[in-house]
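Add chain L to chain B, keeping to what the hints say.
Protein chains: 2
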Amino acid sequence: MAYKIDGLQYANWSGKIFEQMQHGGLDCVHVTIAYHENFREAVLNLEKWNSWFERYPDRIMQAHYAEDIAEAKRNGKTAIIFGFQTPAPIEDDIGLVEIWHRLGMRIMQLTYNNQSLLATGCYEIEDSGITRMGREVIAEMNRLGLIIDMSHSSQNSTLQAIEYSTKPIAITHANPNFWHQAKRNKSDIVLKSLSHSGGMLGFSIYPHHLKNASNCSLQEFCDMIAKTADLMGDTSSLGIGSDLCQDHPDSIVEWMRNGRWTKTLDYGEGSSQNAGFPEQPDWFMNNSDFPNLEKGLLKTGFSQTEIDGILGNNWYEFFKTSFGR
Amino acid sequence: MAYKIDGLQYANWSGKIFEQMQHGGLDCVHVTIAYHENFREAVLNLEKWNSWFERYPDRIMQAHYAEDIAEAKRNGKTAIIFGFQTPAPIEDDIGLVEIWHRLGMRIMQLTYNNQSLLATGCYEIEDSGITRMGREVIAEMNRLGLIIDMSHSSQNSTLQAIEYSTKPIAITHANPNFWHQAKRNKSDIVLKSLSHSGGMLGFSIYPHHLKNASNCSLQEFCDMIAKTADLMGDTSSLGIGSDLCQDHPDSIVEWMRNGRWTKTLDYGEGSSQNAGFPEQPDWFMNNSDFPNLEKGLLKTGFSQTEIDGILGNNWYEFFKTSFGR
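Sequence order for the protein chains is B and L. If you count by the working numbering, then the first sequence holds residues 100 to 424, one letter each, in order. If you count by the working numbering, then the second sequence holds residues 100 to 424, one letter each, in order.
Bound-form chain B, shown alone:
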């Protein structure tokens, strides 16, 4: 069985996009349902998803466990896994972790770019790691079967999350720093620690994480995957987390970067001259381009088993272990 899974997307969801997921053969997508939304605001986003599940029952279904992904595949649908890119929806309340688990949340970043109540983000000057509350929340996520995602976290936070968590963690969407220096990309130390602990890395196709940005070629991207496999030992920790942000107005990337924490404008990975969403590379404009990845990986010399792992089977096994059934 070859599952096709994308480890992170945040699109301006629509029937068109769900159709593109089907055309691209995606059996499962981990979707972001909140950035800086508090509990009540994130519930509103979840209500929107409920309306899409009701409206597009032949295209998408919610996944609570890995077996739901198998069911989606059997029925030609895409399974949707909910995740948060910041811990804002649990506010300062550890009790909300279980509430969110019941509502179907399965993956949560401990930080976005800034310091959170749980850990340090990759844009802070000082990198103090996991806080007192962070340790408690990691234990609670472990207990319930929620995946800890450190994509936007600082190095110390990520290494400590790997250490404190009794289960492997994920970096759902980032690339190696050796390939493209960016605050969001990860050092060799982090990547090795991640693979040694059984964690997962999802390769990002968001242009700010790519060498040559929007002009990065499919071959360059696949060569980077090959080098990362060498660094991390093999391909078993590797997946895709495309970070596809399709059809959004630029006000959304402004919200992602600024939330409500500043009265000025923070440009994050962009700049005042390049403030909006960057242009996607031409080989990954939307979900229907997912098969291009298989072509690229084949040309790069990966075996079919390795390719199947990278394009979905590794995420599937990781989700199965992490979610508990």
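No wet-lab data here; the hints were simulated from the structure. Keep in mind that a hint or two might mislead.
Which copy is meant is left open, because identical chains are indistinguishable; a pair holds if it fits in one copy or across any two.
[Claimed, not checked] Straight line, CA to CA, 20 Å or less: simulated EDC-like cross-link-like pairs of lysine to aspartate or glutamate:
no., residue 1, residue 2
1, K362, D192
2, K362, D191
3, K398, D381
4, K115, D346
5, K362, E197
6, K394, D381
7, K362, E235
8, K282, D365
9, K266, E197
10, K362, E239
Same frame as chain B, but now just chain L:
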């Protein structure tokens, strides 16, 4: 004019306590209206204060500016200044700083014991200081005339708050570490930096901050004030911030320490054997004992001007400068 001001209290407020404030000659008390309450919950606490102002118009009035303290004194009332012991009521939203200022908030701690979105608390293992959002909030508090309170913050956070703030900051309730080693008490470095920058220290009479705890004598307390004046240069940065927590059930100290961040029990400055509120020293059981401080300071050899400063005039001048009129 000799104002009598207490720089921090958090009591189970009642007509009895407001009467004791009058009997003790207090012209002004900075009261905590929130610990871990979010915006809406803190508004509920403010509603309670509105009902007390309505019910006890001859005893208390809200102070927005120093001139309100003068008015309270003229009318034999106690002026009440609102403060937060954590930034929880602004949630993750810098826009709420101005909303709270309009509602009368005048003093806010950037952290309680734990890491906040703004700074590091004194109980964290790593002390990373002020965060990106913390810098923005400091600037906003400076703009509006809100006092930055670092009583529960870590050393680096406190030193950085002094550095980043364009106005002097306060430690409303703590004692020097040289006198009694406690995570909540402050190092010589912090105290010197505070006085050099024109900030204020309010001496705490909360037993966990006192040498010999509940058995600390008035003389020991006043001798400590004299030594601190030597360290900090003179008495101009000194005041009282009694941290009086009167008439509360122990469930309140549990809330203060645990909020919603842990599923276990944190005992803070106490222990499992000594979990509740500690017993007050017999010379400061409630607000009517405030005159005892004057007796103690006189006996210790302070001049009347120095005593008037420590017991209220220093806070009055600091409030006047900080609040903007």
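task = Check K394 against D381 for me: Cα-Cα at most 20 Å, and say if that holds within a copy, between copies, both or neither.
result = within (14 Å within a copy, 81 Å between copies)
request  = Since the copies are identical, ignore which copy is meant and state whether K362 and D191 lie within 20 Å (CA to CA) inside a copy, between copies, both or neither.
outcome  = Classified as between; 12 Å across copies, 23 Å inside a copy.
request  = Could you place K362 and E239 in one of the four classes (within, between, both, neither) given a Cα distance threshold of 20 Å?
outcome  = between (34 Å within a copy, 9 Å between copies)
request  = Since the copies are identical, ignore which copy is meant and state whether K362 and E235 lie within 20 Å (CA to CA) inside a copy, between copies, both or neither.
outcome  = So K362 and E235 pass the 20 Å test across copies only (7 Å; inside, 31 Å).
task = Can you give me the call for K398 and D381, within, between, both or neither, at a CA distance of at most 20 Å?
result = within (18 Å within a copy, 83 Å between copies)
inquiry  = Treating 20 Å as the Cα threshold, decide for K362 and D192: within, between, both or neither.
reply    = between (26 Å within a copy, 10 Å between copies)
request  = Classify it for me, K266 with E197: is the Cα-Cα distance of at most 20 Å met within a copy, between copies, both or neither?
outcome  = Within one copy only: 17 Å inside, 43 Å across.
key: Homomeric proximity label, K362 with E197: Cα distance no greater than 20 Å   = Answer is between; shortest inter-copy Cα gap is 12 Å, intra-copy 33 Å.
ask   = For K282 vs D365, is the C-alpha pair at or below 20 Å within one copy, between two copies, both, or neither?
value = Classified as within; 14 Å inside a copy, 35 Å across copies.
query = Is it within, between, both or neither when you check K115 against D346 at 20 Å Cα-Cα?
reply = within (10 Å within a copy, 62 Å between copies)
Going down the numbered hints, you'll see the structure goes against none, and every one checks out.
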